[in-house]
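Line by line, the protein sequences give chains G and Z.
Following the numbering used here, the numbering of the first sequence begins with 1 at its first residue and continues without gaps.
Following the numbering used here, the numbering of the second sequence begins with 1 at its first residue and continues without gaps.
Rather than coming from a laboratory, the hints here were simulated on the basis of the structure.
There's no promise every hint is true.
Only pairs whose alpha carbons sit at most 25 Å apart, straight line, appear in this in silico DSS-like list of lysine-lysine [unchecked claim]:
no., chain 1, residue 1, chain 2, residue 2
1, Z, K126, G, K185
2, G, K83, G, K185
3, G, K339, Z, K120
4, G, K327, Z, K57
5, G, K83, Z, K138
6, G, K336, Z, K11
7, Z, K138, G, K67
8, Z, K11, G, K320
FRET-style restraints, in silico, Cβ to Cβ [stated by the list, open to error]:
no., chain 1, residue 1, chain 2, residue 2, range
9, Z, L108, G, N217, 35 to 45 Å
10, G, E188, Z, S74, 40 to 50 Å
11, G, A202, Z, K109, 50 to 60 Å
Covered by chain Z, according to a simulated footprint, are these stretches of chain G (three or more residues, beta-carbon under 8 Å) [to be verified]:
no., segment
12, 32 to 43
13, 91 to 100
14, 276 to 285
The beta carbon of each residue, even a glycine, is placed where N, CA and C say it ideally should be.
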Amino acid sequence: MSIGILGYGVYIPRYRINRAEYIKAWGQFAAAGIEEKAVPGVDEDSITMAVEASRNALNHAKVDASKLNAVYFASTSSPYAEKLVSSTIAMALGASPRVSVADFTSSTMAGTSALLMGLDFVASGRGHFALITASDCPYADPGELIEHPFGAGAAAFVVGEGTPMATIEDSDSATIEAFGERFRKHGEKSVETLGIPSYTEALIIKTVTSSVKALLNKTGRKPSDFNFIVLPQFDGRLPSTIARMNGFEEAQLIPSMIVSQIGDAGTASPLIGLAKVLDEAKPGQRVLVASYGAGAGSDAVSINVNEEIVKRKGAVPSAKDYLADKKYIDYVYYLKIKKMI
Amino acid sequence: MAHVSIPSYWKTLPQRYCLIGMKCKNCGTINFPARAICISCKQKTEFESKRLSGRGKIYSYTIIAAGSAPPEFSEQEKLTGSFPIAIVELEEGVRTVAQLTDYEPEDLKIEAEVEAVFRKIYEEDKIIRYGLKFRPVKKTKPPP
Chain G
1 MSIGILGYGV YIPRYRINRA EYIKAWGQFA AAGIEEKAVP GVDEDSITMA
51 VEASRNALNH AKVDASKLNA VYFASTSSPY AEKLVSSTIA MALGASPRVS
101 VADFTSSTMA GTSALLMGLD FVASGRGHFA LITASDCPYA DPGELIEHPF
151 GAGAAAFVVG EGTPMATIED SDSATIEAFG ERFRKHGEKS VETLGIPSYT
201 EALIIKTVTS SVKALLNKTG RKPSDFNFIV LPQFDGRLPS TIARMNGFEE
251 AQLIPSMIVS QIGDAGTASP LIGLAKVLDE AKPGQRVLVA SYGAGAGSDA
301 VSINVNEEIV KRKGAVPSAK DYLADKKYID YVYYLKIKKM I
Chain Z
1 MAHVSIPSYW KTLPQRYCLI GMKCKNCGTI NFPARAICIS CKQKTEFESK
51 RLSGRGKIYS YTIIAAGSAP PEFSEQEKLT GSFPIAIVEL EEGVRTVAQL
101 TDYEPEDLKI EAEVEAVFRK IYEEDKIIRY GLKFRPVKKT KPPP
């Protein structure tokens, strides 16, 4: 028996809006490297997306929801500013009322925060199984350029005791006090930026590089020791820059990249990337995952892929399946279902 | 559907969120939603809860035309126009009524396979009411 990832799942809503629709409406699409993005349907939000990703993860792990001891939800777009929603997810999954619930909010790095806390929960012996789900559909005023890349998606991981398909080797983190790149004040609905792209990019690069370097130093590993690197995908261009600056090849990054088809999925972004990589990873391979949250912070996690991964391949719908099932909508319908008009 | 108060909705969450039915200990029939007297053997017996799979087939359906939706669904109607409601026969043999979602017009067929998904049903008094809808089963995907 060891502790690690027993199963994972994703969910991507089927509605898509493409670059051409934005160009028709605004004359531009301020989202480098994004061709189209996923849009939650009229009856979807970060909670409903989390439930479907979580069901996939539980089926993948073959863990019954009643066995869960913790349900953690990470999002910047919880429908409630105050009121637990991990409780809603726990009940929808059929978890026992005797379960530790927590909502991780207010940062796009909350997905890895929750994943690491879930691992610590089981590693410390306080419970046998934890489910962590990151689900996001960031929102900004349609007139602001920061809105353009905002997409949607969810990922979920079941961690616990058993025969894990992947184990967390180690993690390290970085933080730096920063402001003005991406924020939302209390009572505001729209994410804002002061709109200085070079400043925003420099902060993301600096913070993510710090956590990645710290992890490499701590584990004594080189970039070439990793088969895959997964980075936060706010657009389709910056991850390549960060990978290159840290000594990683494009080939290590490409398998995780999904932002060109779903847009910026906030807290879910690095975890959907991880799920996508695990879909094609082979036993013995190693993955580095890094997150980023404005303000600013970053977690870097080293993950070893185990033999067990082979057995559950194709057992539940994958990112690829969800990407294939899509329906395009126009910009006016997009504004309507996002309740922007 | 008429107005359902918050406490009434709350009391029925197990059936609304995760299809918890009641299996009659006398005759084995699954009652969904829960009842005081078994629908099959008509006995006032003991029940045990049983979670239904959420897989089933469209038994029948109708379209709620624009303008005819109950008030709690008017927000949805404003966005999508008309929307379909189905009687779904679950694989455990019980029938339930719910909205269909993520469908194309050609998916609306009697006997079409559907699966339950957790969705927003409507919002009232600032509270989002969640519950289950059904969507067509995609042949390309393994069962959930």
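If you test the structure against every hint from before, which numbers come out violated?
5, 6, 7, 8, 9, 10 and 14
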